[in-house]
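Let the hints inform the model, and build the full structure from the sequences given.
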Amino acid sequence: AQKITQTQPGMFVQEKEAVTLDCTYDTSDQSYGLFWYKQPSSGEMIFLIYQGSYDEQNATEGRYSLNFQKARKSANLVISASQLGDSAMYFCAMREGGTGGFKTIFGAGTRLFVKA
Amino acid sequence: NAGVTQTPKFQVLKTGQSMTLQCAQDMNHNSMYWYRQDPGMGLRLIYYSASEGTTDKGEVPNGYNVSRLNKREFSLRLESAAPSQTSVYFCASSEARAGKYGYTFGSGTRLTVV
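Taken in order, these protein sequences are the chains called B and E.
Per my numbering, the very first residue in the first sequence carries number 42; after that it's consecutive.
Per my numbering, the very first residue in the second sequence carries number -6; after that it's consecutive.
In short, the hints are calculated from the structure, not lab data.
Accuracy of the hints is not assured; some may be wrong.
Here are the simulated BS3-like cross-link-like pairs (lysine-lysine), alpha carbons at most 27 Å apart as the crow flies [unchecked claim]: (1) LYS64(E) / LYS7(E); (2) LYS79(B) / LYS93(E); (3) LYS156(B) / LYS2(E); (4) LYS44(B) / LYS50(E); (5) LYS79(B) / LYS7(E); (6) LYS156(B) / LYS57(B); (7) LYS50(E) / LYS64(E); (8) LYS144(B) / LYS50(E); (9) LYS144(B) / LYS64(E); (10) LYS2(E) / LYS144(B); (11) LYS93(E) / LYS111(B); (12) LYS44(B) / LYS93(E); (13) LYS57(B) / LYS144(B); (14) LYS93(E) / LYS144(B).
This is the structure we're talking about:
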């Protein structure tokens, strides 16, 4: 069964520094998608970045990049130059491939605190 | 603004009462989803609708029913609410299979069952 694991319940980072949020996944599918979402204290869910299992390059979106290591089944989120507004909950997610390709499963999340 | 609209934002129910959570999207997305979020457990899929006219169970469907009323609207019904259904409920939509653009989420419904 597909599974997403985020082992860091909470992380602290100094403003302007980079931070890596860990995510490992488990799937037997060859085709799958990996996502990161941000949930600020206001509660909304915001899509950040996507990586397809066949993408050879790591995905980047502004200050966000996804460190995709397929053999290790990891999809870590790197936030460069952290800002106070980055303080939030971050969820790693995976969309399974094949005929069940509409379901996305989420990890338990990592709460990031950015210190001034 | 284009997006996913959920109503209501807050609701308190007594055990055994019923209610319907409404969700509508105006992005012409084919697929819609209902998730619940509980502390320490991330989001869990309740039901989804891959396209208009179809619905399928997710990870935690017991105690819920859904209706895909048309392409825009996807409702979630609790027939007999239980305290275990106290949660934050999110509706989401996507292009088919949530490709590189991921899901667009509604703002959530905070439901308390007493």
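These are the hints, each one checked on the structure:
At most 27 Å may separate the alpha-carbon atoms for a hinted pair to count; LYS64(E) and LYS7(E) exceed this at roughly 32 Å. Simply put, LYS79(B) and LYS93(E) have alpha-carbon atoms about 16 Å apart, close enough for the 27 Å limit, and the pair holds. With a C-alpha separation of about 31 Å, the suggested pair LYS156(B) and LYS2(E) falls outside the 27 Å cut-off, and the hint is violated. In summary, the hint linking LYS44(B) to LYS50(E) is supported, as the alpha carbons are separated by about 18 Å, within the 27 Å threshold.
Our distance criterion of 27 Å between C-alpha atoms is broken by LYS79(B) and LYS7(E), whose separation comes to about 32 Å. Distance check on the hinted pair: LYS156(B) and LYS57(B) sit about 9 Å apart at the alpha-carbon level, within 27 Å; holds. About 18 Å separates the Cα atoms of LYS50(E) and LYS64(E), which keeps this hinted pair within 27 Å; it holds. Our distance criterion of 27 Å between C-alpha atoms is met by LYS144(B) and LYS50(E), whose separation comes to about 10 Å.
Restraint check: the Cα-Cα separation between LYS144(B) and LYS64(E) comes to about 18 Å, which is no more than 27 Å; the hinted pair holds. Distance check on the hinted pair: LYS2(E) and LYS144(B) sit about 25 Å apart at the alpha-carbon level, within 27 Å; holds. With a CA separation close to 18 Å, the supplied pair LYS93(E) and LYS111(B) stays within the 27 Å bound. Restraint check for LYS44(B) and LYS93(E): satisfied, since their Cα atoms lie roughly 20 Å apart, inside the 27 Å limit.
Distance restraint check for LYS57(B) and LYS144(B): the Cα-Cα separation of roughly 36 Å exceeds the 27 Å cut-off, and the hinted pair is therefore not satisfied. Pair hint LYS93(E) plus LYS144(B) holds up; C-alpha atoms about 14 Å apart against a cutoff of 27 Å.
Violated hints, listed in ascending order, are 1, 3, 5 and 13; each of the other numbered hints is respected by the structure.
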